[in-house]
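Top line first, the protein sequences correspond to chains X and A.
Sequential numbering from 1 applies to the first sequence in our numbering.
Sequential numbering from 1001 applies to the second sequence in our numbering.
Only true hints are included.
Stretch-level coverage of chain A by chain X, calculated; a stretch enters the list once three of its residues show a Cβ under 8 Å from a Cβ in chain X:
{"hint": "1", "stretch": "1002 to 1011"}
{"hint": "2", "stretch": "1257 to 1263"}
{"hint": "3", "stretch": "1272 to 1278"}
{"hint": "4", "stretch": "1298 to 1311"}
{"hint": "5", "stretch": "1346 to 1359"}
Everything labelled a hint here was simulated from the structure, so no lab data went into it.
Only a predicted model underlies this, so the values are computations on that prediction, with no experimental measurement involved.
All C-beta atoms in this analysis are idealised placements derived from N, C-alpha and C, irrespective of residue type, glycine included.
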Amino acid sequence: MNTQTDVADKLSEKVTTFLAEHDPVTTDRVEFLRARFDAGLAWVQFPIGRGGLGLAPDLQQQVDARFAEAGAPDNHPRINVIGLGMAAPTLMAYGTEDQLDTFLRPLWTGEQIWCQLFSEPGAGSDLAAVATRAVRDGDHWVVDGQKVWTSSAQNAQLAILLARTDPDVPKHAGLTYFICDMTDPGIEVRPLRQITGEAEFNEVFLTGVRIPDSQRLGAVGEGWKVANATLNNERLAIGGGPVPRESGMVGVVAAAWRANPGRRPDLHARLMELWVESEAARLTGQRLRQKLAVGQPGPEGAAMKLTFARLAQQLSGLELELLGEVGLRYDDWTLRRPLEVDFLGRGPGYRYLRAKGNSIEGGTSEILLNIVAERVLGLPPEPRVDRDVPFKELVK
Amino acid sequence: MTELNLLYTDVEDDLRRTIRDLLEDRLDPSAVIAMYDGDRTVVDPLWKAITQDLGLAGLLIPEAEGGVGASARAVAVVCEELGRAVAPVPFLTSAVVATIAVAGSGHEVVADLAAGATTAALAVPFTTAPEGPLPALVATHGALTGTVSSVAGALEADVLLVPVEEPDGLAIYAVPVAAATVQAVASLDMSRQLADVSLDAAPGTRVRGDAVDSVRAALRAGAAMLASEQVGVAAWCLAGTVDYLRERRQFGRQVGSFQALKHRLADLYVGVESGTAVARYAAAALAADDSDCEVATAIAASYCGNLAVTAAEEALQLHGGIGMTWEHPVHLYLKRAKTDQLAFGHPGEHRRRLADLVDLSFDASDAGKSQ
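In isolation and in its complexed conformation, chain A is listed as follows (with noise of 0.2 Å):
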């Protein structure tokens, strides 16, 4: 058995600095915080930025269809410097999950989505487990008709992937925004402001059917990447928190000597460890196609998501007062870790999910005979 390697290599590394020299310089909190108040010009530029001249839209994306060919693991280290920075960029509802989903269709979009010309999102609700119900919508004469709620990424995509159910089964068709109705919805996480989408009799090209396992697949390997960007939200969480405590004076003191407080941030630093490992093990069995992916997926979403949240409200508590601030960015992290544990299903589901998988389920008819 070779062991998945949990270390982030070289290449990585250099594409972390990358993306977050990048961040660094275009990205001010306080372009974060204006979009609660309906200022979202940051998002354009800095995608462009990204898609256009780091070229990571097409990371996932074999060479042969015009992408970069690189794994899941390097994306993994893209969605984690962007959740250090709550980035608002749709990177991961269009460079992964859309990606995915049309994946291989050899669809015109597929190369549009390499060459970063076209964003796209999968038109399901941000909450939709892999493993859960999909949403699908009705197609007359290729004219799709319905609604889809609190979708993430339509407001910056170009082209909407609805799944769509017909006799045969779910197929997925383009339909360009253009078409459609997207209308933006007030989100508790406003660096990824959700939208109500909906169509009628709007004109949408097919892009697969028998199309059930590339949407879940889409969700699972969302699921996965997500977990890296809740650790890159732990991580900014602690490592801001961390220094605040050592800079702030009360009683005479440094707060962080008060072992009352660095007692937590020390818990929250093993949480931290143990999110990391656990995002590069899913990270890893993806990109390795591994039979353990789906195990390693559900573990990741289930730690990672609670542990986020966990981060970010320990990280507000600790930096008292401030923390409550509309100028201070804790919130920012509060907020997108908060949508962030219910995105792509919540915790709980993946447990339920994972009991499945390792011979661990819960026998309802069974129960309470024993007690």
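Just chain X, with the same shape it has in the complex (with noise of 0.2 Å):
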């Protein structure tokens, strides 16, 4: 008896008669989704009660599957990237059973959108220098600070926030994780324009902002344990299917060339050469997700996001100089306040422009080589000269 496919087949039949008891095409979405939610069809990996069938992760592409077929709405992950991809692990790992109750379903149905209040002015790579500050007043917390990359912020209603509860003590001592609300009077989003002309990101100005004691996301103190656990699945999920060749940027510039060959011989060399970078890094990754068959995300991710940030680039100036003259043209600098991002839409200039960012949001390419060395190759860090001192001591 090969239990594997039993469970499969188990799930298929759920799924069939799920979609037998909710016709995907005249329910209401909303309705739909928190019926599927409630069937343990949102994220099979998760318990029980929680959206879950508490099974293996990689059982949920066939489930999306067969959603996806049947025509039936879906959740918009897409423009709810953070409360997906980062808060509901965090919640699974730190929440607490009212917390999980409370949010866990409208974050995956898409009633709720989700945005990140971490990185600030004076807090980027060093992420453990937060200095928006919260202080206890009875059963609330009051917060007051500036937080900025914030994607999504003025379309959120939620947002996991990091902030500092105690400044007498080192910096990582001193945070504490909560679940803010983004209606609140006290937060004011501001857009924050970009290169591109674009402002996919925000600017948040958080004044005397009340957050109840129950929307704590583990313990005083322990703000940096849980924004690890959050770190730990932005970088680069591993999971989905064969990625075909030529995804990517590389498929754009080899259609460019193909649109009009007969350019350049240094041109040709070097368009050979990324091809080549590309194809090594799309069987790295495809080496890497045989390796992790359940699709742990780990420091192996870090190189994989570290190669796709400098073939972007590369491949996307390639690009402008393969397009001679069109490539000095760009389709629209207009102030514009997209609510999902594609690398690879609009022009070649935006992508170009665009690509800029891939090595420094998520973690900065130099960052990044710091973890691949410290924990992959196992080598020492920089001496620390912040880690014992009070956070109001340090020098900013």
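Got two chains here, each in a separate frame; can you build the complex from them with the hints?
Put into structure tokens, the structure is as follows:
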């Protein structure tokens, strides 16, 4: 008896039954998604009662495929990336039963969009240096400070927030993690325009924002540990199926070459070098996926992101050069506020400029190199001058 | 579409342990260093241990013809370990290239190769690319005349497999080394020392006619397996340098704690991981006779050729002064890596071939029109 097949068959049956009982076409979209969550078909790796069935995460793909086939509405995963990819696993790891009851279902259905209030003007790579203060006031916390690089803030109802609750201890020890209501009157969201002309991100100013203590995630002072659970989920999700050759930026540039071959030999030489490197990156991802059959993110994901960022930048730069005069034009500088990001979307100028962010967002390439060197290769860290000093005494 | 397995199977890992144990036992780096001063005594016993004791010479030959009937995946693991140790044995030239050149010919040399009784070398310059022009000698009534320079594996060979131009196409002849002049040349990589071969009306037996495809297949397999050797070279350079930078102290700290150095090793790690993936893909595609085999080989040859050189150059620089010394083995890897980069076609030649294969050709006739 192959138990693995057995589990997959039973799961498939469950989907069939669900679809028979909830017509994906006529059922109200939100009602349909709530019912799917309650049936444990939202994320099968989560426990029963929490939208899952306690199964292996790779089984989710077959479930999603069945729902897509049936023409069922999805939960718009691309506009709730932070909620689904980061807040949910952190809630599962550290949330109380009440918090899970309150937040998990509307998060998954997309009724509540989440954003992340982590980075600050003075805390980028050095995230543990966040200065936004949370001060206890009875059974509430009062939060003041400024966050930055917050995507979806203009669209979000909730946020995961990292704030300083004790400036008298070293920086890692004085942080606490909260769930913040983005509709609080003390929240001000200002678009932050980027080099592409778009305002994909925001600055968020917090002034006297009140958060009930029941929305604290993890213990007071344990915010750094909880934040790391979140960040471990940020780096490149490895799941999914095989990636075809010439996916992503290399496909765009190869198509540009084919549309108009016969360019200069130096451009051709660079194209082929980058084509080979892109293929090497694709096969490395395939190998990593085969190695981690269950798709747990690890430090190897940091290595993948390094390569991805470098190739996206080099290829998008080459594309402009291939295009010659056409490469000098830009599609539109108007300030736009996109709700989802497509690195390949829009024109070649946009691709070139947007790719510059790939080596900064989600961990700069320099920090990722540290992660690879220290956690994979076991090289010693740089000596730290701030580790044992109370936060308030650090030179800022 | 079934996806090729890019991991190492348990059987392949066992094979790796076996060959690694043997090399750790029988091959001291100082013996390879001695080869640069003309002492080649390490070669014969080591090669015998690999062919006779481990029986690895016939890996690619089917059992029916006296071989092991293993796949290119297993052969790649052997090449990786031989690269990791810069082992001075003619495995790649005899058990891969020469073997594939005569595979299925029914000639007696196949059984001898399978048994490890004979060591052979394909008489072409080590730089010959799979799709490049093939050098050929002439035969008059079975007597061969001509010269081939820079042949790898000829010094260790008993039999030379010589491409010969006949009126109806290319043929391969087997010539006993005793009938040829094999002149060793001082080589950049003395752990795979090259030789100039000249034949003057030398007697040979005809192994096969219509041999262009066989020779190209042999060179292509050589390039694919060389990629695994290059991964082995690069992996040694990375591991050795990581170890050294954890030990070495300057300015009161381990030098591996400086970001300027550790970032270079992290980059190298990313390269070695990628090289492993492409070399595994080439080996798996060859083993499965996959339709993507030629593309896979060109990718691996292009990527791994440069990777090994980068790894060896970084290893040398990051070792500092000691890396420049004769006693430290890092120079063995640099010399092997730089030589390997030119073997079976330069990475640039493989990329040019790849461009044709994946519809990204450079059309010179149209060049400049749109710029």
